[in-house]
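Based on the provided sequences and hints, a complete structural model is requested.
Protein sequence lines, in the order shown, are assigned to chains H and X.
Going by our numbering, the first sequence opens with residue 3, and the numbers climb by one from there.
Going by our numbering, the second sequence opens with residue 60, and the numbers climb by one from there.
You may find that some hints are simply not true.
Across the chosen pairs, the derived CB separations fall in these ranges [unchecked claim]:
{"#": "1", "chain 1": "H", "residue 1": "N233", "chain 2": "X", "residue 2": "E208", "range": "38 to 46 Å"}
{"#": "2", "chain 1": "H", "residue 1": "A327", "chain 2": "X", "residue 2": "T105", "range": "42 to 50 Å"}
{"#": "3", "chain 1": "X", "residue 1": "L241", "chain 2": "H", "residue 2": "N233", "range": "43 to 51 Å"}
{"#": "4", "chain 1": "H", "residue 1": "V217", "chain 2": "X", "residue 2": "E208", "range": "40 to 48 Å"}
{"#": "5", "chain 1": "H", "residue 1": "N235", "chain 2": "X", "residue 2": "H186", "range": "26 to 34 Å"}
{"#": "6", "chain 1": "X", "residue 1": "G375", "chain 2": "H", "residue 2": "K232", "range": "28 to 36 Å"}
{"#": "7", "chain 1": "X", "residue 1": "R372", "chain 2": "H", "residue 2": "V217", "range": "31 to 39 Å"}
{"#": "8", "chain 1": "X", "residue 1": "G375", "chain 2": "H", "residue 2": "S342", "range": "42 to 50 Å"}
{"#": "9", "chain 1": "H", "residue 1": "H335", "chain 2": "X", "residue 2": "W172", "range": "42 to 50 Å"}
{"#": "10", "chain 1": "X", "residue 1": "G375", "chain 2": "H", "residue 2": "G143", "range": "52 to 60 Å"}
{"#": "11", "chain 1": "X", "residue 1": "M267", "chain 2": "H", "residue 2": "S342", "range": "56 to 64 Å"}
{"#": "12", "chain 1": "X", "residue 1": "A132", "chain 2": "H", "residue 2": "K209", "range": "54 to 62 Å"}
Computed list of lysine-lysine pairs in DSS-like fashion (alpha-carbon distance at most 25 Å, straight line) [to be verified]:
{"#": "13", "chain 1": "H", "residue 1": "K251", "chain 2": "X", "residue 2": "K184"}
{"#": "14", "chain 1": "X", "residue 1": "K110", "chain 2": "H", "residue 2": "K229"}
{"#": "15", "chain 1": "X", "residue 1": "K195", "chain 2": "H", "residue 2": "K313"}
Among chain X residues calculated to face chain H with C-beta under 10 Å, some are [claimed, not checked]:
{"#": "16", "residue": "D153"}
{"#": "17", "residue": "P155"}
{"#": "18", "residue": "T217"}
{"#": "19", "residue": "G219"}
{"#": "20", "residue": "D220"}
{"#": "21", "residue": "L285"}
{"#": "22", "residue": "N296"}
{"#": "23", "residue": "R302"}
{"#": "24", "residue": "G384"}
{"#": "25", "residue": "I389"}
{"#": "26", "residue": "T409"}
Bear in mind the hints are in silico, worked out from the structure with no lab data behind them.
For every residue, glycine included, the Cβ atom is placed at its ideal position computed from N, Cα and C.
Below, each chain spelled out in residue letters.
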Amino acid sequence: MKKTTISLALLAVLSVASEARDQIKMVGSSTVYPFASAVAEQLGATGGVPTPVVESTGTGGGMKMFCAGVGMNTPDITNASRRMKSSELAQCRANGVTDITEALIGYDGIVLGQNKSNAPLKLTRKEIFLAVAEKVPSADGKSIINNPYKTWNQINPSLPNRAITIYGPPKSSGTRDSFEEMTMQHFTEEGDLKGLYHGAGLKKYSKIRTDGVWVDSGENDNLIVQKLGKNKNAIGIFGYSFLEENGNKISGATVDGAAPTPALIASGKYPISRSLRFYIKNNHRGEVPALDKYVAMFMNDKMIGERGSLKRLGLIPLAKGTRAASIKSATSHAPLKALSLMQK
Amino acid sequence: MSNNINNHNPFYDPTLKKRHLSDKIFKYMAMSALLISVAFLLVFFTDIISKGLPSYKQAYIELPVKYNTETVADSSFAIDEKHYELVSRAWYRDMPKYVSENPEVMNKTPIEWVLADDEVDQYMKGHQNTLTDEQKTVVEELKKQGKVESKFNTLFFTTGDSKIPENSGFLASAVGSILTILVCIAFAFPIGVMSAIYLEEFKKDNKMSQLIEININNLAAVPSILFGLLGLAVFINFFGLPRSSALVGGLTLALMTLPVIIVSGRTALRSVPASIRQAAYGLGLTKWQVVKDHVLPLGMPGILTGSIIGIARAMGETAPLIIVGMIAFIPDIPTSFTQAATVMPAQIFTWAGMPEGAYIERVSGAIMVLLAILLTMNAVAIYFRKKYEIKW
Numbered sequence: 003m004k005k006t007t008i009s010l011a012l013l014a015v016l017s018v019a020s021e022a023r024d025q026i027k028m029v030g031s032s033t034v035y036p037f038a039s040a041v042a043e044q045l046g047a048t049g050g051v052p053t054p055v056v057e058s059t060g061t062g063g064g065m066k067m068f069c070a071g072v073g074m075n076t077p078d079i080t081n082a083s084r085r086m087k088s089s090e091l092a093q094c095r096a097n098g099v100t101d102i103t104e105a106l107i108g109y110d111g112i113v114l115g116q117n118k119s120n121a122p123l124k125l126t127r128k129e130i131f132l133a134v135a136e137k138v139p140s141a142d143g144k145s146i147i148n149n150p151y152k153t154w155n156q157i158n159p160s161l162p163n164r165a166i167t168i169y170g171p172p173k174s175s176g177t178r179d180s181f182e183e184m185t186m187q188h189f190t191e192e193g194d195l196k197g198l199y200h201g202a203g204l205k206k207y208s209k210i211r212t213d214g215v216w217v218d219s220g221e222n223d224n225l226i227v228q229k230l231g232k233n234k235n236a237i238g239i240f241g242y243s244f245l246e247e248n249g250n251k252i253s254g255a256t257v258d259g260a261a262p263t264p265a266l267i268a269s270g271k272y273p274i275s276r277s278l279r280f281y282i283k284n285n286h287r288g289e290v291p292a293l294d295k296y297v298a299m300f301m302n303d304k305m306i307g308e309r310g311s312l313k314r315l316g317l318i319p320l321a322k323g324t325r326a327a328s329i330k331s332a333t334s335h336a337p338l339k340a341l342s343l344m345q346k
Numbered sequence: 060m061s062n063n064i065n066n067h068n069p070f071y072d073p074t075l076k077k078r079h080l081s082d083k084i085f086k087y088m089a090m091s092a093l094l095i096s097v098a099f100l101l102v103f104f105t106d107i108i109s110k111g112l113p114s115y116k117q118a119y120i121e122l123p124v125k126y127n128t129e130t131v132a133d134s135s136f137a138i139d140e141k142h143y144e145l146v147s148r149a150w151y152r153d154m155p156k157y158v159s160e161n162p163e164v165m166n167k168t169p170i171e172w173v174l175a176d177d178e179v180d181q182y183m184k185g186h187q188n189t190l191t192d193e194q195k196t197v198v199e200e201l202k203k204q205g206k207v208e209s210k211f212n213t214l215f216f217t218t219g220d221s222k223i224p225e226n227s228g229f230l231a232s233a234v235g236s237i238l239t240i241l242v243c244i245a246f247a248f249p250i251g252v253m254s255a256i257y258l259e260e261f262k263k264d265n266k267m268s269q270l271i272e273i274n275i276n277n278l279a280a281v282p283s284i285l286f287g288l289l290g291l292a293v294f295i296n297f298f299g300l301p302r303s304s305a306l307v308g309g310l311t312l313a314l315m316t317l318p319v320i321i322v323s324g325r326t327a328l329r330s331v332p333a334s335i336r337q338a339a340y341g342l343g344l345t346k347w348q349v350v351k352d353h354v355l356p357l358g359m360p361g362i363l364t365g366s367i368i369g370i371a372r373a374m375g376e377t378a379p380l381i382i383v384g385m386i387a388f389i390p391d392i393p394t395s396f397t398q399a400a401t402v403m404p405a406q407i408f409t410w411a412g413m414p415e416g417a418y419i420e421r422v423s424g425a426i427m428v429l430l431a432i433l434l435t436m437n438a439v440a441i442y443f444r445k446k447y448e449i450k451w
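Below you can see the structure in the form of structure tokens.
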């Protein structure tokens, strides 16, 4: 008898679940999470609607849920620290998510930081690759060998004679994905080492060495920053906002001649940077009326502008022209086209 | 001489000294094991309490506040330039709303206690902070005049999560925990107890029932994250219940708690002596009457103890709730079972990843509250056991 009551209760709840809701649901990147939840809180406090729910699932996980279909049980927005892939868009379309708008909000730089008491460090992406890859080209450049480098000056005599120790994010992190893509696959997939690595059967090579030189340091960037305070030889890899917050203790290495400053990250001169975005499911606009309010509040100079409140949280604002264009396309619900995803 | 005596003593044991020694060693090893665990516990508690107590205090500043049409339009003008940055962003955000609710303050400049920024709060507590030297002198000045004060942190106990550290509290997650646990109890307790009764009193002993038994015992040891995956597949994807809601979270935790309740329930029922049942049958009672009037009431203290401990464990659980979307930024206090909610351990987890010192403090503060609740629940379990325990 109790079981029948329970199944009846379940059925009753079922009918509740399919109604329209006034609360926005978001998933996606942990990098965008602090910005999205700040805007969500602001909307809840001043917009007269329930505070949107922001879940941090990682970019890939968010895309999967976002593209799972249309309906009140799927998220309305997914945050991303990279562009949507064409395969993900195809998945979306196959599941009926046909009307998507992309909103570019700003940039995040991946910083190689060190204890401030050290002399400034000038690195190139090639040197970073040689320091972290498990297999590197041999000195004559003809074969691939296990990484022999233990100190920075073995890679380049002009670099300091310091042991290579790198505290970096673990495999589950989006920061790690971006780092591998921009410093390692940059050479092994597009650059001058492509032939060598593909010839050895190593496609999309981005394996980080496991001989103790690279130390996985957890998702918590705070921890990496703390470790740099104790270990003066070490280099840490983390998001730009942590450099800004700890500028009195930590300095960022220049990469390919560009220092990790907001201006150089925004202009793309600093090479290890990525764009932050969110994707809006326009199919839900009718049933979730707060969606437009959220987009209008987020895509506004007060939030993402040069003096916007998200800058205090570490967002690197877009250049003025790009920003205006992005705000316009997001607030006018410009549909995302497959072709535009091909562009960088 | 003495050797001689010993040699002739039929009870003399040459290994006696050695045996006593190993006895002593064993005793001290066991004792040091206990000491180590007590030491760990002490370190844990002193660390949590010393870090957590400050979170129950929050700095407020006494300042003149300008209420007029200009400052309502842009609340950053309500506080003079010198103190502008010392006041919480949450205060600026909520000020227009406050004025619309209290129109009598309009066009006045009352002196009020306003919420201070978390960095001022951290400075007041002597913790690491990012105040500039200039700001520090301003705070010191205010301190001399008695215009900055650490007051009891009511916000911490009355609000939900916030991206503004000084504005964040754990009430929303506490309410979420209560709703989730209510769902968990409503499903796990009756189903668990009924299953235990069936398995113990009605079931015939055959291959099938043995298989079920083994599986239930195994389920009790399954890692909790797997129940999260089950909850996602069954409740969200199949039944279509709302993600992140207390309902889904409670059902998922109920799945996890069920085997614990069944196993402990069966043990409790089994401890009711067979003589009671036989006497009842002898009087011609039906099985239902025997269970309802005799076995269940006598087994209840044991069942309750097991259930409370299982539910206390569910209350501290985070892993399965990650999968069903309850670990998220959910600042609103939930008012129904289908609304998005978060739970206390989840709130502790999200705060622990934040960079600001004020959150680290709140982590320990929230842990203290959670521990207090869990200890109370366990105390209740012990009370029930002691009060209704019957020695046969």
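Hints violated by the structure (listed by number, smallest first)
2, 18, 21
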